[in-house]
Each structure stands twice: as structure tokens, then as C-alpha cells.
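J.: Be aware that the sequence shown starts at 1, since it is given in the UniProt record's numbering, and climbs by one per residue.
There is no bait here: all hints are sound.
Here are the simulated distance ranges between beta carbons: (1) Thr26 x Val63: 17 to 23 Å; (2) Phe109 x Leu391: 24 to 30 Å; (3) Phe418 x Leu42: 28 to 34 Å; (4) Gly230 x Ile113: 19 to 25 Å; (5) Lys136 x Val471: 25 to 31 Å; (6) Gly141 x Leu384: 16 to 22 Å; (7) Thr370 x Leu42: 31 to 37 Å; (8) Pro376 x Val64: 21 to 27 Å; (9) Pro485 x Leu407: 26 to 32 Å; (10) Leu242 x Phe142: 57 to 63 Å; (11) Thr408 x Val63: 47 to 53 Å; (12) Val551 x Val63: 55 to 61 Å; (13) Asp139 x Arg199: 27 to 33 Å.
Derived by calculation from the structure, the hints in this document are not laboratory data. Note that the Cβ used here is the ideal one computed from N, Cα and C, for glycine as well.
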Amino acid sequence: MGFTLGSVLMRLGMTGPDEVSVDAITLFVLLLSACIIIGHLLEKSRWLTESVSALLIGLCCGVVILLRTQGKSSHILVFNEGLFFIYLLPPIIFNAGFQMKKKHFFQNFSTIILFGAVGTLISFIIITLGSLQLFKKLDIGFLEIGDYLALGAILSATDSVCTLQVLNQEETPLLYSLVFGEGVVNDATSVVLFNAIQRFDLSHITSTIALQFIGNFLYLFFTSTVLGIGVGLLSAYIIRKLYFGRKLASDTICNAPTESPSHMTCTSKGLVNDTSEAPLEPCKEHSTDREVALMILMAYLSYMMAELFYLSGILTVFFCGIVMSHYTWHNVTECSRVTTKHAFATLSFISEIFIFLYVGMDALDIEKWTVVSKSPGTSVGVSLILLALVLIGRAAFIFPLSFISNLTKKSQNDKIGFKQQVTIWWAGLMRGAVSVALAYNQFARSGHTQLLGNAIMITSTITVVLFTSVVGGLLTKPLVRFLLPLQKHSGRTMMSDFSSQKSLNLPLLIGQESEVAIGCTNIPQVPSLRMLLTTPTNTVHHYWRKFDDAVMRPVFGGRGFVPYAPGSPPELVVQ
Numbered sequence: 001m002g003f004t005l006g007s008v009l010m011r012l013g014m015t016g017p018d019e020v021s022v023d024a025i026t027l028f029v030l031l032l033s034a035c036i037i038i039g040h041l042l043e044k045s046r047w048l049t050e051s052v053s054a055l056l057i058g059l060c061c062g063v064v065i066l067l068r069t070q071g072k073s074s075h076i077l078v079f080n081e082g083l084f085f086i087y088l089l090p091p092i093i094f095n096a097g098f099q100m101k102k103k104h105f106f107q108n109f110s111t112i113i114l115f116g117a118v119g120t121l122i123s124f125i126i127i128t129l130g131s132l133q134l135f136k137k138l139d140i141g142f143l144e145i146g147d148y149l150a151l152g153a154i155l156s157a158t159d160s161v162c163t164l165q166v167l168n169q170e171e172t173p174l175l176y177s178l179v180f181g182e183g184v185v186n187d188a189t190s191v192v193l194f195n196a197i198q199r200f201d202l203s204h205i206t207s208t209i210a211l212q213f214i215g216n217f218l219y220l221f222f223t224s225t226v227l228g229i230g231v232g233l234l235s236a237y238i239i240r241k242l243y244f245g246r247k248l249a250s251d252t253i254c255n256a257p258t259e260s261p262s263h264m265t266c267t268s269k270g271l272v273n274d275t276s277e278a279p280l281e282p283c284k285e286h287s288t289d290r291e292v293a294l295m296i297l298m299a300y301l302s303y304m305m306a307e308l309f310y311l312s313g314i315l316t317v318f319f320c321g322i323v324m325s326h327y328t329w330h331n332v333t334e335c336s337r338v339t340t341k342h343a344f345a346t347l348s349f350i351s352e353i354f355i356f357l358y359v360g361m362d363a364l365d366i367e368k369w370t371v372v373s374k375s376p377g378t379s380v381g382v383s384l385i386l387l388a389l390v391l392i393g394r395a396a397f398i399f400p401l402s403f404i405s406n407l408t409k410k411s412q413n414d415k416i417g418f419k420q421q422v423t424i425w426w427a428g429l430m431r432g433a434v435s436v437a438l439a440y441n442q443f444a445r446s447g448h449t450q451l452l453g454n455a456i457m458i459t460s461t462i463t464v465v466l467f468t469s470v471v472g473g474l475l476t477k478p479l480v481r482f483l484l485p486l487q488k489h490s491g492r493t494m495m496s497d498f499s500s501q502k503s504l505n506l507p508l509l510i511g512q513e514s515e516v517a518i519g520c521t522n523i524p525q526v527p528s529l530r531m532l533l534t535t536p537t538n539t540v541h542h543y544w545r546k547f548d549d550a551v552m553r554p555v556f557g558g559r560g561f562v563p564y565a566p567g568s569p570p571e572l573v574v575q
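Construct all of the structure, not just a fragment, from the sequences and the given hints.
T.: Written out as C-alpha cells, the structure is:
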């Protein structure tokens, strides 16, 4: 009755579907745990990241399973794009919007849209036209015009998950903001393009069909964004009106957030020294449970509503995360704030590791490689062509669009230098699970394919994903240190519009933790936190802040517009 890894691997190829499912899940949970432990041990590594280590572990496990099943299978779960898009991707994208430093994102919003939307379209055109012309010289079987267009959308999708792990937000704030923001918008644009391609008969393209295609693309982009904002505002309004956590006793004492720089304890009666022996009464559990449950469900609802109405769930859940962090998060108690922050981050983290482990194991799927082995030279040629088109396509928009963006910048410190452009170009080359999932959606049926052309497209996409993820993941950190050695000592790129005194206050404006903790600091402060924003960095931000304070926050709540609740940090009173 011994339970060993070898016995599990052997049983994967010899038992019924129910037992295989249990064995597969057991082994996968063990591998996830191993990835987390190994990732922690490699945390300080200059080369490896958790995503790359999970990818390599998946590959190694795939080889072991392939050998133990005598070449019958290399993975324990069949890749399912539905599993990826419905369960794994939403937590990652939502958490990206929820944890994002909004000030950085919107300061560079025009550049991010240039790179993420316009740049993706440029890359899409280059990959589509290049593959259409070059594949004619190779014997890859029959592909329709819609397949080439889909291929352009598939390989235009960057891997924002892997990028987040190789760039440091504190060391390179401008690069992180640009590459991260571009990655999210890029993924949304690629998926919207892919969905629009599947809706139209593109075998005979006319001017009318082209205009309808563009109109459908803009419609999906706009309505997805509006839906995400709408669901986020709805969640803020509901929680603000219901006040789940406002029914606690008025004299309840609460701890200051652990992120607070001060060593003071907040109470509803003021500040006391943390050595006080006053009893600390915890927040009511049922109130926290309801608040956390509602926030999680509303976040997931935004994604599912987008899928229900055939919109872009990526764009919807991303903007829902931004809105919920700006309004909803401030309407709940401190217990719920800490819980939701870590709950969303944990779900995102597990999903990321699951995806890379999944892709690594599926890369050795024997069925696809058996079909491709009939013409190995063709497969290698297609992979090299696609890799070259990805490199060229990204360079074709990063450098020209950076030049255009720099023309709109007045300050020299706000402009994107050539070394930064090279770093952005390289960091955005990584392709990931979005590309793999879209490739399966287009070229496979239920995870299987026997057609030569379709098999080559899937294996070539996986090859590009593996190469760019591993090589890009290994070299991006050293490249950043080589090209931008002084970046980690200076934040002037993002703070150039502030005087030295205002720059000291900037951390109070860009992170949720700092916004929460400000009520518990013993540092001399101005009467209101909003007073720090009276000198905006640009006109759009100035008018938005006035509109937000006058119209939005009184209705939807948010920092400074929610009555004090025991269990929450005290807000500064406007004088």
C-alpha cells in the first residue's frame, strides 16, 4: 500500500478517468507546493524567477511522465483554454488592477495606450503579413486567411505575468509602469482582436467588412471598459450603503496597519502608545466575512458578465480592480482590507504558478509532436520565422511610438531614453499562457489535433513561448542592471514634477497601504491628505480630482468620504 511518486506516475496511464483525475490533482498540488518552496529559495537569484522555475519544473515533470508512461503521455491534465480563461486568468488580471499604483499608471496613460493598443495593432499586422508571405515557401498544409490573422493576434499577446516578476517597481518605476500597463492593455487588445476575427468571415475581405471589423473592435474595447467600471462602482455603492462592519461597539480599539511606519495604535478616541495594555477587541468575523465574500464575488461577476455578453473579460476585470481599489476597498473595515488584499494576491500567485507549471508540462504533449515529427525541418523553420516576426514586430512599434511619446513630454526626465526603450522592447518579448490558450482555441478541438498545419502552429507557438519566457526571464534582470545601473537609486523619472519636499510625500499618494496608514503616523502632516494633491502633475489629473471629490466619492465612498468605523483606521478630517 506504499504511496510513491513512481506509483502515481505509473497509474496515470493505466487507470480509469476518475482515478486518473484524483492522481493528477494530487501530483499537481505536490508540484505547486514544490514550485512555491523552490521559488522562495531562489527569491534573491539574479537569474531565475518563480515563473521560469515553475516552467522548468513542468518540463522536467513532463519528461518523467513521458518516460514512465512509455511515451503515451507527457502531462497529467489536458490543456483546456476554458479552464485558463474562466478560472486562472481572472484572479491575475484583477489583482494587477487592484494592487496597481494608479498614479503611476495614469501619469503614463497616453504612452501605455500607445504601446498597448496601437503597438499591438502594428505587431499584429507585421506578424500576420510576414507569416502569410513566408509560410508559402514551406509545406505546412492548408491555412485560411483567418488562421493567419488569428496567428497575428496570438503572438501579439505579451506575458504581463512573467514581466511583473522580472521588473522591480521600486527600482524602475517608469519601466514597470509602462511595461506592466502595456502588458494588460496588450492582452486585452489581442483577445479582443482574436474574438473579432472569429466573428467575421474573412475569406473575402471587402471595405465594408474591414469597417465592420474595426467598429466591432472599438465596441468591444469601449463596452468592456465601461462594464468593468460599472461593476466596480456598483460594489462600492452596495458596501457603502450596507455598512457591514459599521455595527461594532463605538469604543472598540483596533491595531494600526502593520504597513504603517509609526509605532502607534489607533483607537476611536485618538492615538495611544503601543505599549498600552488596553485590550484589543477584534473585528466581528461575520461582518468581515460578508465584506470579503461580496468583494470577491463582485470582482468575479465583472469577468463573467463580460464573457456572457461576448466582451473582453480581461479589460473588464482589470478596470473593475482599479475602481474597487479606489472606492470599494476604502468602504470596508481594516480587517476586511487586510484580508481582501492578501486574498486577491494569494489567488493571483497560485494561478500564476499553476499556469507556468501547466504550460511546461503540456509543451511535451506527444500527440502534437508525433504529427509534427513527419516534417521536423518545417516545424523548426516556422518557429524561427515566428520568433523573428515577434522580435521585429515589437521593435517596429516600441522605438517609433517612444519617439512620438517623447514629443509630448516637456521635461527631459519624463522622456523615454534609448536604453529604456531597449529594456521595454526586451521585457515585452515574453509570450505566455494567453498565447498558448488562444493557439489551442484556434488550432485544436478539445485539446487535440491531427492536422499537420494546426499541429505545427501549436508546437511553434509553444516553442516561442518557452524560448521567450526562459531566455527573457533569465536575461531581463541582468539587462536592466547593465543598461540602467543608476535607476534603483533615483526615482526622479516619476517625481520630476515635484519639489524635493513634495517628493517626500509622494509615497503617501501612490500606495494603498500608505493611504490607510497615514492616520496613525506621528510625522507632522497637513490638515488633509487631499491638500497634498492641490498641485497636480497635469491638467487632466487636476480636473479629475475635483470631479472625484465633488461627485464620485460622496456617492461611492472612498478615502476621506466614509464615516469612521471601529475596526478601520481613522481618516484625516478636512478642515
